[in-house]
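Novice: With the sequences and hints as input, model every part of the structure.
Going down the list, the protein sequences come from chains H and Y.
For the first sequence, counting from 1, position 128 maps to 128 in the UniProt record's numbering; every step adds exactly one.
For the second sequence, counting from 1, position 76 maps to 76 in the UniProt record's numbering; every step adds exactly one.
Treat each hint with caution, since some may be false.
Stated by the list, open to error - Computed from the model, here is a short list of chain H residues facing chain Y with C-beta under 7 angstroms:
no. : residue
1   : G149
2   : A150
3   : A153
4   : H159
5   : D163
6   : P164
7   : C171
8   : T233
9   : C234
10  : A266
11  : F269
12  : L273
Derived by calculation from the structure, the hints in this document are not laboratory data.
Ideal placement from N, C-alpha and C gives every residue a C-beta, glycine not left out.
What follows is each chain in one-letter form.
Protein chains: 2
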Amino acid sequence: MRVGLDVGGTKTDAVAVDDATGEVVVRVRRPTRVGPEGVVRTIVDTVHDLAGELGVAVASFASVGVGLPGQVDDRGERVAHAVNLGLERLEVASVVASVLGTPVRVENDVKAAALGAYAIERLDRSMAYLNLGTGVAAGIVVDGDLWRGARGAAGEVGHVSIDPRGPACRCGQRGCIEALVGGGAIAERWGRAAVLPVRDVFDAADAGDPRAVELRDGLARGVAAAVRLLVLTCDVDTVVLGGGLTALRERLTVPVQAALDEGTAASGFLRSLDVPARLRLLPPASPAPAFGAALVGAAATRKAMTHG
Amino acid sequence: MRVGLDVGGTKTDAVAVDDATGEVVVRVRRPTRVGPEGVVRTIVDTVHDLAGELGVAVASFASVGVGLPGQVDDRGERVAHAVNLGLERLEVASVVASVLGTPVRVENDVKAAALGAYAIERLDRSMAYLNLGTGVAAGIVVDGDLWRGARGAAGEVGHVSIDPRGPACRCGQRGCIEALVGGGAIAERWGRAAVLPVRDVFDAADAGDPRAVELRDGLARGVAAAVRLLVLTCDVDTVVLGGGLTALRERLTVPVQAALDEGTAASGFLRSLDVPARLRLLPPASPAPAFGAALVGAAATRKAMTHG
Numbered sequence: 001m002r003v004g005l006d007v008g009g010t011k012t013d014a015v016a017v018d019d020a021t022g023e024v025v026v027r028v029r030r031p032t033r034v035g036p037e038g039v040v041r042t043i044v045d046t047v048h049d050l051a052g053e054l055g056v057a058v059a060s061f062a063s064v065g066v067g068l069p070g071q072v073d074d075r076g077e078r079v080a081h082a083v084n085l086g087l088e089r090l091e092v093a094s095v096v097a098s099v100l101g102t103p104v105r106v107e108n109d110v111k112a113a114a115l116g117a118y119a120i121e122r123l124d125r126s127m128a129y130l131n132l133g134t135g136v137a138a139g140i141v142v143d144g145d146l147w148r149g150a151r152g153a154a155g156e157v158g159h160v161s162i163d164p165r166g167p168a169c170r171c172g173q174r175g176c177i178e179a180l181v182g183g184g185a186i187a188e189r190w191g192r193a194a195v196l197p198v199r200d201v202f203d204a205a206d207a208g209d210p211r212a213v214e215l216r217d218g219l220a221r222g223v224a225a226a227v228r229l230l231v232l233t234c235d236v237d238t239v240v241l242g243g244g245l246t247a248l249r250e251r252l253t254v255p256v257q258a259a260l261d262e263g264t265a266a267s268g269f270l271r272s273l274d275v276p277a278r279l280r281l282l283p284p285a286s287p288a289p290a291f292g293a294a295l296v297g298a299a300a301t302r303k304a305m306t307h308g
Numbered sequence: 001m002r003v004g005l006d007v008g009g010t011k012t013d014a015v016a017v018d019d020a021t022g023e024v025v026v027r028v029r030r031p032t033r034v035g036p037e038g039v040v041r042t043i044v045d046t047v048h049d050l051a052g053e054l055g056v057a058v059a060s061f062a063s064v065g066v067g068l069p070g071q072v073d074d075r076g077e078r079v080a081h082a083v084n085l086g087l088e089r090l091e092v093a094s095v096v097a098s099v100l101g102t103p104v105r106v107e108n109d110v111k112a113a114a115l116g117a118y119a120i121e122r123l124d125r126s127m128a129y130l131n132l133g134t135g136v137a138a139g140i141v142v143d144g145d146l147w148r149g150a151r152g153a154a155g156e157v158g159h160v161s162i163d164p165r166g167p168a169c170r171c172g173q174r175g176c177i178e179a180l181v182g183g184g185a186i187a188e189r190w191g192r193a194a195v196l197p198v199r200d201v202f203d204a205a206d207a208g209d210p211r212a213v214e215l216r217d218g219l220a221r222g223v224a225a226a227v228r229l230l231v232l233t234c235d236v237d238t239v240v241l242g243g244g245l246t247a248l249r250e251r252l253t254v255p256v257q258a259a260l261d262e263g264t265a266a267s268g269f270l271r272s273l274d275v276p277a278r279l280r281l282l283p284p285a286s287p288a289p290a291f292g293a294a295l296v297g298a299a300a301t302r303k304a305m306t307h308g
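Specialist: Have a look at this one:
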């Protein structure tokens, strides 16, 4: 049995995957505690939850993989700049492994989710997983392996500027895709208190609020640009949309599709790339991020075995 | 000895490469004849020029590789939509092979040039070769192999829009990088008769012509955006600039560098990617495109040998 955890800023989603069948046998969620001790405690407690649900010992788990919203080194040991978790830098793998007594490997949450989406959607060749959440970034998988690039920045489409007169982005540029699409940026620009700011914006847009309509149009334009961008640079076979915003389902995909069609209507070249046909939406509450984390953990033990 | 040809819209550049040393032993140039018969004749005559220079028989060449400005199938046999060569569709490889009696393989000119730049610059890991010519496109090489993507569209950064209010692009969109950077687009927008329109624009900009300054600024902004884009999506280790516009040397790189610095000054995130440090300029009149074509031809024979 292999364990995978997706540690989000507010909640942690975890699965135990059967080695033989590759199926999810049990899944648990618990709120995330932030800060170094809080995050370690959250991971440890969640793994114990899974063991309890299964009635097995934690030590019986072959591996534990953890997806975290931050920069992770390519050896899968350390996380840095995990702002939403209140972590500046933490040796997550070694600390958690010493407590649980199992091999542990960590990965950036979007990259882990990309591996999970690729496996769960049974894809082959190349795929980009575009995460639409508080932030916006993509994870690129080619022939089953993550493509990290020179410095792990591959897929950072959120900070590509598509409009020099666009809204200011927290990264310092103007008109970044994340400034138009990111849940955090939308909430800031909307400025109205709401549990789900983007949903609040979409509701207000449906009610005809002009500023909400403008924000929704910008969001759709930004998502369409990100998808087009991933095709024009990496020419991936499939672009899978995931992340919190996808809970909006058709309310998100219909305007995005319209924005894509607008581009292809204008351009025979874009039409020839058949971008809309490459697009998929991850099902609501998909276990892909946690499942991908379990795959990351499995890679850790394979590595441990092959490299002694 | 292996032969490589870069067939451009006006001239064809060719090299013969020594198998053992990998060095260019002879290089010739001749004007390109357009149309199906003209292109075949140009390739055949140029290969004979090389044989003549070397005092050897054409049949003694191990392979002939040809880079062409058009869509080439991934088996390296056929070219389509080679507008600048007056070719709608041509079985170049088989036709030329039947005349020369040597194995022939064709490749898109930018992709062939990318392979050549990667080899000549002695690069490793990942590189994007950004061609700045009449059109704008990149060729991506990872661990020595071309990355074509799902439909050979990988690296088509020329048609990423970076400004919804930007100039109209021949592809039908607005604000495409090619509309800001491409020699064809610049010439059209400049509208003044000149042998080298972009150089004419730069001269006029130096003389203070406001429209020329605007065009030059847009060009620099577009090149900087393309370089940034290749790092933010593919995170390539190196971006090599090549193509006709690079003949402007510092007159091109200084404003491009300024545009890149502008972005990094605003964004700590961009600064952390160290984009300017990944940038290289191909030397003037580099044999990279023809050399890359020779590598394409070599791949053809390797394939012929391994697959019978």
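Novice: Next step is simple, just say for each hint if it's right about the structure.
Specialist: Outcome of the hint check:
1. About 2 angstroms separates the beta-carbon of G149 of chain H from the nearest beta-carbon of chain Y, less than 7 angstroms, and the hint is met.
2. The closest approach between the C-beta of A150 of chain H and any C-beta of chain Y is roughly 4 angstroms, which is under the 7 angstroms cut-off, so the hint is satisfied.
3. For the restraint placing A153 of chain H at the interface with chain Y, the shortest Cβ-Cβ distance is roughly 4 angstroms, inside the 7 angstroms limit, so the hint holds.
4. The interface hint given for H159 of chain H is met, as the beta carbon of that residue sits about 6 angstroms from the closest beta carbon of chain Y, less than 7 angstroms.
5. Residue-level restraint check for D163 of chain H holds (minimum Cβ-Cβ distance to chain Y is 6 angstroms; threshold 7 angstroms).
6. Annotation: interface hint on P164 of chain H holds; nearest CB of chain Y at approximately 6 angstroms, less than 7 angstroms.
7. Annotation: interface hint on C171 of chain H holds; nearest CB of chain Y at approximately 4 angstroms, less than 7 angstroms.
8. Evaluation of the T233 of chain H hint against chain Y yields a held restraint, the C-beta minimum of about 4 angstroms falling below 7 angstroms.
9. Interface restraint check: C234 of chain H against chain Y, minimum CB-CB distance 6 angstroms, threshold 7 angstroms, status holds.
10. The criterion of a C-beta within 7 angstroms of any C-beta in chain Y is met by A266 of chain H, whose closest approach is roughly 4 angstroms, and the hint holds.
11. The beta carbon of F269 of chain H comes within 4 angstroms of a beta carbon in chain Y, closer than 7 angstroms, and the hint placing it at the interface holds.
12. Among the interface hints, the one on L273 of chain H holds; its C-beta lies about 6 angstroms from the nearest C-beta in chain Y, closer than the 7 angstroms criterion.
Of the numbered hints given earlier, the model fails none.
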